[in-house]
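Q: As a plain string of letters, each chain reads:
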Amino acid sequence: MKKKVLAGVAVVTVALGFAVSPADAAVKTYTLAYQGPLTGDNAQTGIDEIAGVKYAIAKFNAAHKGSIQVKLVEADDQGGAAGAGQVAPGIAKNTAIIGLVGPAFSGASIASFPFYKAAGLTLISPSATRVTLTDPTVASDFGGPVFHRLPSKDDKQGPALAAYAIKGVTAPVVYDVNDQSSYGVGLSGYVQTALKANSKVKLAGADAVDGTNAALDLSAVITKIKGANANVVIYEGYYAQAASFVKQLRDAGYKGIFASGDGTYDPGFVTLAKDAAEGARLTASSAVFQDAGAKITADFTKVIGTAPGTYAVEDYDATNVFLTCITKGATTRAKMATCVKTGTFTGLFKNTIKFDANGDVSGTGFINGFLVKNGVIISAGQVK
Amino acid sequence: MQTLIHQFWQLTFSGVAQGFIYVLISLGYTMVYGVLRMINFANSEIFMFGTFATVVVSRDLLGYGSDSQPIHGFTLIWSLALALVVSMIVSGVVALLVELIAYRRLRSRGTNRLAPLISAIGMSIVLSESMRLLTASRSVGSPRLLAKTSLAEIGGANIRVDQLMVVIVAPIMFFVLQWFVNSTRLGKGIRAVSMNEETAKLMGINLNRVISATFLIGGLMTGASAFFFETVYENTKYNIGFNLGLAAFTAAVLGGIGNIRGAFFGGLALGLLETYASAVLGSQWKPVTVFIVLVIVLLFRPNGIFGEAVQQTRV
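These protein sequence lines are chains A and B, in that order.
Residue numbering for the first sequence follows this note's numbering, starting at 1 and increasing by one per position.
Residue numbering for the second sequence follows this note's numbering, starting at 1001 and increasing by one per position.
Check the hints yourself; a few may be wrong.
Sample of chain B residues at the chain A side, in silico, Cβ under 8 Å [as the list claims (entries may be wrong)]:
id, residue
1, L1011
2, T1012
3, S1139
No lab work stands behind these hints: they were computed from the structure.
Note that CB positions come from ideal geometry on N, CA and C, so glycine has one too.
Construct the complete structure from the given sequences, taking the supplied hints into account.
A: Here it is as structure tokens:
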């Protein structure tokens, strides 16, 4: 009916740490970037993520005062492919940027890859989990050689989400719904495979909804869920739509379990869904920053102004990979690529970070379970 | 198909409730088209402003928060009525502004028909982007004033109070509008301009006044639908009107754009069609099904189901 101007995407340069005095010529300045949703329905994810990046840079700048300073460029892709297509060319052309934390979402990652591959800009995503991003056999989605990520892939999260969703349910009747996004469709496939492999589970049905419309009428899907007498609903999508879905589900009288993956692992889910979010089970390949100790949590809050949120650990670790490389002399895109690809790094929890040839962290990885209780997302431990 | 058979009444009730929301929005399109023979592309943003008006009334004016408990009795009726009236007024005023800025000056200068079309699209973008900047593109939740209580179960259909309110109040508003257009002096003026602008002018009808009134009435109806939508879904954002506006425009075309009765049946048909299609084929097939049906209907009835046949209810 009409053309919509896509949300304008501001790329704002923020200098962190201490200003470089003209008199202090010995100070070398380097630039990193963050790409994720800083506005839009899923902005809370990006806001929490960039806080982790800023904290790592602030600590680095303070520790290297007088010698090295790092600046951060923020790229707001609103979590979508369209937004990514607008910001990625500018980031790729800005040769001052030698590494990028992000993109946060899988769809935005795929849309960004052509620009970053051409520019040779190394990426480390804290939260993009679609399996094909690191699968060289799927050329259209593969982000190599520039793309790397810290979280486990959805082929690990899918079975974990399925297991966590039905945990403690005597006769699980499951209805699976995805948001038709690159992320949601992929994760849904792994969840359904795991459910079908479990003889105790009845997969009552599956559906897909428009994940771009957070105020969608979902009454038909909900009628089907209720008609199937489902006692577990699993949703693969992002938190804004998940909040709308769970609200409509509870309003329709659904009393069973609502479970979702890392796309919904965000305080924004609870804010939007209010009471309807209570009891929701979430999974994410994300650690809880607060588990690193009260001292560093308090310091984070003091430096950034807010408590560490979701994916703060992964963003902190991803940024520190780049910062470690800078201290080792990786001050160009080419050197950064080599350093990230071949180096061994240490994470916040003293975990070893070493990327394999396709960009995943070597090792088995983990998936944590979370529960919404009294309006707060609390950790329920690792899902086995 | 099993779902449709076993859950028929539940799906029908949900489809009718959704359909009445479409009916009121499509009246905004159909009223303007009936008089100007042009599509008001800014109607989706007029709707969007109405939803935000509902949020502002309940959250900022009445002071309810996200953790407030639903209200009851006279306070509930008064609060809902206030939100409804304010939403209608806000949407009506925005519609008037759209007419003044995007249509009137261009019309008075005798520009071709494309110029106001483009200026209306421009207004739509300005309104939408302004709200986007104000809200940082985020969804805005609305406090729950009306508890989503189930009143009864009829034929397996859960009759929820918020949806029932839409099903009862929206048709009343439609029939009041129909009476207004058919029976009042201004309504007759609107119909006269709709039938023949030049003759109406020669008969002494103030064209600008009638056109402004048409935009205002369309805006009021769209504002009412915004209130109902917000009461049911409790969520809005800067581009909320795009999908709903597209659906309502489709409903208007399906029924016969420019025809009030067509908007009524088109909206209801679309609401039911969407719900049934989602149940039978899956939600991802909903838009495909709707537009296939629209194309088929237009192949056989190019002016929509009611077309120009019902002159007395054409605006």
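Q: Could you run down the list of hints and mark each one as holding or not?
A: Against the structure, the hints come out as follows:
Residue-level restraint check for L1011 of chain B holds (minimum Cβ-Cβ distance to chain A is 5 Å; threshold 8 Å). The beta carbon of T1012 of chain B is not positioned within 8 Å of any beta carbon in chain A (closest approach about 10 Å), and the interface hint is therefore violated. At its closest, the beta carbon of S1139 of chain B sits 5 Å from a beta carbon of chain A; the interface hint therefore holds under the 8 Å criterion.
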